[in-house]
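Sequence order for the protein chains is A and B.
Number 160 in our numbering belongs to position 160 of the first sequence; there are no gaps in the numbering.
Number 342 in our numbering belongs to position 342 of the second sequence; there are no gaps in the numbering.
Derived from the structure by calculation, the hints contain no laboratory data.
Treat the hints with care, as some may be off.
Pairs of lysine to aspartate or glutamate, EDC-like flavour, derived with a Cα cap of 20 Å [what the hints assert, rightly or not]:
no.	chain 1	residue 1	chain 2	residue 2
1	B	310	A	234
2	B	211	A	234
3	A	224	B	329
4	A	224	B	143
5	B	10	B	143
6	B	310	A	97
7	B	211	A	193
8	B	211	A	239
Model, not experiment: these values are computed from the prediction.
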Amino acid sequence: MDHAQHLHLVTGKGGVGKTTVATAMALALSRKDKRVLLAEINGSGRVPNLLGIAPVGYAMREIYDNLWLTDISSQEALKEYVLLIIRIEALYKAVFENRLVNSFLRLLPALGELTMLGKLWYELQQTKNGRPAFDAIVVDLPATGHARALCQAPHAVAQSIGAGPMKDNAVKLDAMLKDQQLTRLHVVTTPEEMPITEAQELLQLATQLPMATGPLIINQRAHKLTPEVLAALEPWRADAVLEQVPDVLAQRERRREAAEALLQKQLPHAIANAIGLPHVLGSALTPDILAGLGDTILAAQPQRSAS
Amino acid sequence: MTMALWHNRKIVVCVGTGGVGKTTVAAALALAAAASGRRVAVMTIDPSKRLSQALGIDANSPELQPVPLGPIVQQLGGSAHEGSLHAIMLDVQHTFDQLIQARARTPEAAQAILNNRIYKHFSASLAGSHEYAAVEKLYDIHEDERFDLVVLDTPPSHHALDFLDAPGRILRFLQGQDTDAASETGPSLTRRLGRKLFDLGGSVVTRTVGKVSGAQTLQEVTAFLMSLKDMYASFHTRAAAVEALLQSDDVAFTLVGGPSQAQGAALEHFAQELHRFHIKPAAWVLNRVRPAFMPPHDAGYRAQALARLKDQHPSLVAECAEVAQAIEEELRVTQRDAAQLAQLRQDHGDSTIVSIPDEPGGADSLERLARLCRALQGA
Numbered sequence: 001m002d003h004a005q006h007l008h009l010v011t012g013k014g015g016v017g018k019t020t021v022a023t024a025m026a027l028a029l030s031r032k033d034k035r036v037l038l039a040e041i042n043g044s045g046r047v048p049n050l051l052g053i054a055p056v057g058y059a060m061r062e063i064y065d066n067l068w069l070t071d072i073s074s075q076e077a078l079k080e081y082v083l084l085i086i087r088i089e090a091l092y093k094a095v096f097e098n099r100l101v102n103s104f105l106r107l108l109p110a111l112g113e114l115t116m117l118g119k120l121w122y123e124l125q126q127t128k129n130g131r132p133a134f135d136a137i138v139v140d141l142p143a144t145g146h147a148r149a150l151c152q153a154p155h156a157v158a159q160s161i162g163a164g165p166m167k168d169n170a171v172k173l174d175a176m177l178k179d180q181q182l183t184r185l186h187v188v189t190t191p192e193e194m195p196i197t198e199a200q201e202l203l204q205l206a207t208q209l210p211m212a213t214g215p216l217i218i219n220q221r222a223h224k225l226t227p228e229v230l231a232a233l234e235p236w237r238a239d240a241v242l243e244q245v246p247d248v249l250a251q252r253e254r255r256r257e258a259a260e261a262l263l264q265k266q267l268p269h270a271i272a273n274a275i276g277l278p279h280v281l282g283s284a285l286t287p288d289i290l291a292g293l294g295d296t297i298l299a300a301q302p303q304r305s306a307s
Numbered sequence: 001m002t003m004a005l006w007h008n009r010k011i012v013v014c015v016g017t018g019g020v021g022k023t024t025v026a027a028a029l030a031l032a033a034a035a036s037g038r039r040v041a042v043m044t045i046d047p048s049k050r051l052s053q054a055l056g057i058d059a060n061s062p063e064l065q066p067v068p069l070g071p072i073v074q075q076l077g078g079s080a081h082e083g084s085l086h087a088i089m090l091d092v093q094h095t096f097d098q099l100i101q102a103r104a105r106t107p108e109a110a111q112a113i114l115n116n117r118i119y120k121h122f123s124a125s126l127a128g129s130h131e132y133a134a135v136e137k138l139y140d141i142h143e144d145e146r147f148d149l150v151v152l153d154t155p156p157s158h159h160a161l162d163f164l165d166a167p168g169r170i171l172r173f174l175q176g177q178d179t180d181a182a183s184e185t186g187p188s189l190t191r192r193l194g195r196k197l198f199d200l201g202g203s204v205v206t207r208t209v210g211k212v213s214g215a216q217t218l219q220e221v222t223a224f225l226m227s228l229k230d231m232y233a234s235f236h237t238r239a240a241a242v243e244a245l246l247q248s249d250d251v252a253f254t255l256v257g258g259p260s261q262a263q264g265a266a267l268e269h270f271a272q273e274l275h276r277f278h279i280k281p282a283a284w285v286l287n288r289v290r291p292a293f294m295p296p297h298d299a300g301y302r303a304q305a306l307a308r309l310k311d312q313h314p315s316l317v318a319e320c321a322e323v324a325q326a327i328e329e330e331l332r333v334t335q336r337d338a339a340q341l342a343q344l345r346q347d348h349g350d351s352t353i354v355s356i357p358d359e360p361g362g363a364d365s366l367e368r369l370a371r372l373c374r375a376l377q378g379a
C-alpha cells in the first residue's frame with residue numbers, strides 16, 4: 001500500500017456534526033488535487049442531504065472534481081467480497097441470494113463490519129493509470145457504538161475463529177486500522193456532556209487498540225464573551241429592541257463556560273491541541289464554506305505525508 | 001392538552017434521532033404521569049449518569065428499580081398521590097439471556113446457547129437486536145400488573161421503522177425470509193433448515209459458503225441454528241403479539257426533535273415513516289428551543305448600536321465583533337426554531353405540540369426535570 005495514501009475515519013456521538021466534518025475534509029482534500037473517496041457507512045443519505053445533491057448508492061459517483069461519493073452497505077459490500085472469492089455470478093446468485101444462506105451469513109460474527117472495512121481496503125488497492133485511484137478515503141462512520149464495533153471487529157474475529165479465509169481477512173483489516181501512517185481516527189464532539197463523554201471513550205479506545213488519532217474536533221465551539229464586553233452591554237437594557245440581548249448573551253457565555261469546564265475536566269490532554277469549529281447553520285454550509293472548514297481541520301493535523 | 005398524551009393509553013413510546021434529549025424527555029414524561037396518579041414504568045436506553053442520579057437509581061442495574069417520587073412531587077407542588085414510578089435501563093445482552101432461559105427446553109440447552117460464541121455476537125451486534133430487546137422488555141413490563149403505563153425510550157435511530165419492525169425482522173431473519181410473506185412455524189421450518197443448511201455432506205451450497213466463512217465457522221453457526229430451532233415457535237408468537245400491541249390504540253407515539261436543521265429533518269422523516277404504518281403521532285416535543293429575544297427590526301438598527309458600542313469602548317473592538325457574531329448566531333437559531341414550530345403547528349395542529357426551552361448548564365438536575373414535567377403537563 002502506498003503510504004502517501006490516507007484513510008480518515010470520522011466518528012463521535014450522534015448529532016455532533018460528523019457528516020459535516022467528514023464532508024469538509026473530503027472537499028478540502030479534493031481541492032488540493034487529491035483524488036478523494038467520501039464514504040458513508042450504511043448511511044441515510046446524510047452527505048447528499050448536506051450538499052443538496054441527488055442520493056448516491058453503493059456505486060460511487062463523482063460529485064465534484066476529484067471527489068467521489070459512495071454509500072457502503074454491508075449487503076452490497078458482502079456481495080462484492082464474495083464475488084471476488086467465488087468469481088462466478090451465477091453461483092453467487094444460486095447460493096448467496098438464497099434466503100436461508102443469507103440468514104446464515106448474517107449470523108457470522110462481525111461479517112457486516114468486516115465486509116465494510118474490506119470495501120475500504122479494496123478501494124485503497126485500486127489503481128488508475130499507474131497510481132492509486134484514491135489518495136484519500138474519508139469515512140463518515142456511524143455514531144460511537146457502531147464505530148467501536150467497526151474498529152474492534154477485526155481483532156475480535158481474528159482472535160476467536162479458526163484458520164481460514166475469514167481469519168486471514170480479519171488479520172489484514174486489523175493491520176489496516178492500526179497502520180499509523182495510513183489510518184487516522186478523527187473524534188468529533190460538541191461542548192456538551194454526552195458527546196464529551198463519548199469522545200473520551202473513543203479516544204481511550206484508540207489508545208487501547210492502538211489507532212492513530214487526529215486532534216479532537218470540537219464543533220460549535222463559541223468564542224468567549226468577556227465580562228468587560230458583557231458589562232458594556234448593560235445600557236442596552238433601556239433599548240426597546242435590544243433589551244433582552246444582555247441576558248441572552250450572558251446566558252450564552254454561562255453555557256460556554258460550563259462546556260469548557262467539562263471539556264477541561266474530562267479531556268484535559270485532548271483539549272490542548274483540539275480544533276475548534278464555529279457554529280455554522282446547516283443552510284449556510286455551502287461547498288465553499290465546507291472546504292474552508294476542511295482546510296482548518298487539515299492545517300491542524302500533525303504532519304505525515306501529503307494528504 | 002398534554003394530559004391526553006398518556007390519558008387512556010397504556011404505552012408511550014418516545015422516538016427521535018440522537019442528540020435531541022429523548023431520554024430526558026421520556027424520564028420527565030414518566031415522572032409527570034406518575035405524579036398525576038399513574039403507576040408507571042419507564043425504560044431508558046443509555047442514560048447519562050446525571051439522569052440516573054436525578055431519578056435516584058443505580059445506572060448499572062439491569063432490573064426495574066423504584067424511583068422515589070417525593071422530591072419531584074414536592075417540586076411540582078403536589079402532596080399525597082396514588083402514582084408510582086419504576087425505572088429500568090435496557091441491557092440488551094441481559095434481555096436476550098433472559099429470553100433464552102425462559103424459552104429453552106431445558107436449563108442445559110439454555111446454558112449451551114448462552115455459551116455459544118455465535119449467540120454472543122448475534123445478540124449484541126446483529127442489526128435490529130437493540131430494538132428487538134427493547135420491544136421484548138416492553139412486552140414483559142406491559143404484562144406486569146404493577147404498572148398501568150409504560151414509557152419507552154427507544155434507541156436513537158434515523159428510522160422509526162427499525163423499532164416498529166424489529167420483532168418481525170428478527171423473526172423473518174431466523175426463518176430465512178427476506179420478504180413480508182407469511183411466517184412459518186416450527187415443524188416445517190425445521191424441515192427446510194434441515195434439508196438445506198444442516199447437510200454437511202459437501203453440497204455445493206455448503207462448500208461455497210465454506211469458502212467465504214471457513215469450515216469451522218460454518219459448523220459453529222450451524223450448531224447455533226440447530227440449538228434455537230425448538231424456540232422458533234414461541235419467538236414467533238411473542239413477536240406477533242408485540243407487533244399487534246405496537247399498532248393498537250393503547251400506544252401513544254411521541255416524536256422528540258431538537259434545534260438543529262438535521263434534527264428537524266429527521267423529525268419530519270420519522271413522522272412520514274410512522275404514517276406508512278398508519279400511526280399518527282400523539283405528540284411532538286421540540287426540545288432545547290430558544291425563544292425569540294428581539295422584536296422585528298431592521299439589521300441597520302443593530303449595526304448602529306454595535307458601532308456606538310465600539311466608539312464608546314475602543315479597547316473592546318475585537319470583543320464587539322464577537323458580540324455581533326454571537327447575536328447573529330442566536331438570532332438565526334431562534335428564527336429557525338420559530339419557523340419549525342410554526343410549520344409543525346400548521347401541519348399537525350391537531351396533535352399535541354410542546355416546545356421546551358433550552359437551558360444552559362446541563363439538563364438533568366431535579367429542578368430542571370420538574371420544569372420539563374410542568375411543560376409536558378400543561379401544554
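Now for the hints, and whether the structure bears them out:
1. 310(B) / 234(A): 14 Å, holds
2. 211(B) / 234(A): 75 Å, violated
3. 224(A) / 329(B): 14 Å, holds
4. 224(A) / 143(B): Violated: residue 224(A) and residue 143(B) sit about 53 Å apart, past 20 Å.
5. 10(B) / 143(B): 11 Å, holds
6. 310(B) / 97(A): The given pair, whose Cα atoms are some 70 Å apart, is violated under the 20 Å limit.
7. 211(B) / 193(A): Roughly 47 Å between the alpha carbons, so the hint for residue 211(B) and residue 193(A) is violated.
8. 211(B) / 239(A): 77 Å, violated
Hints 2, 4, 6, 7 and 8 from the list above are not met by this structure, while the remaining hints are.
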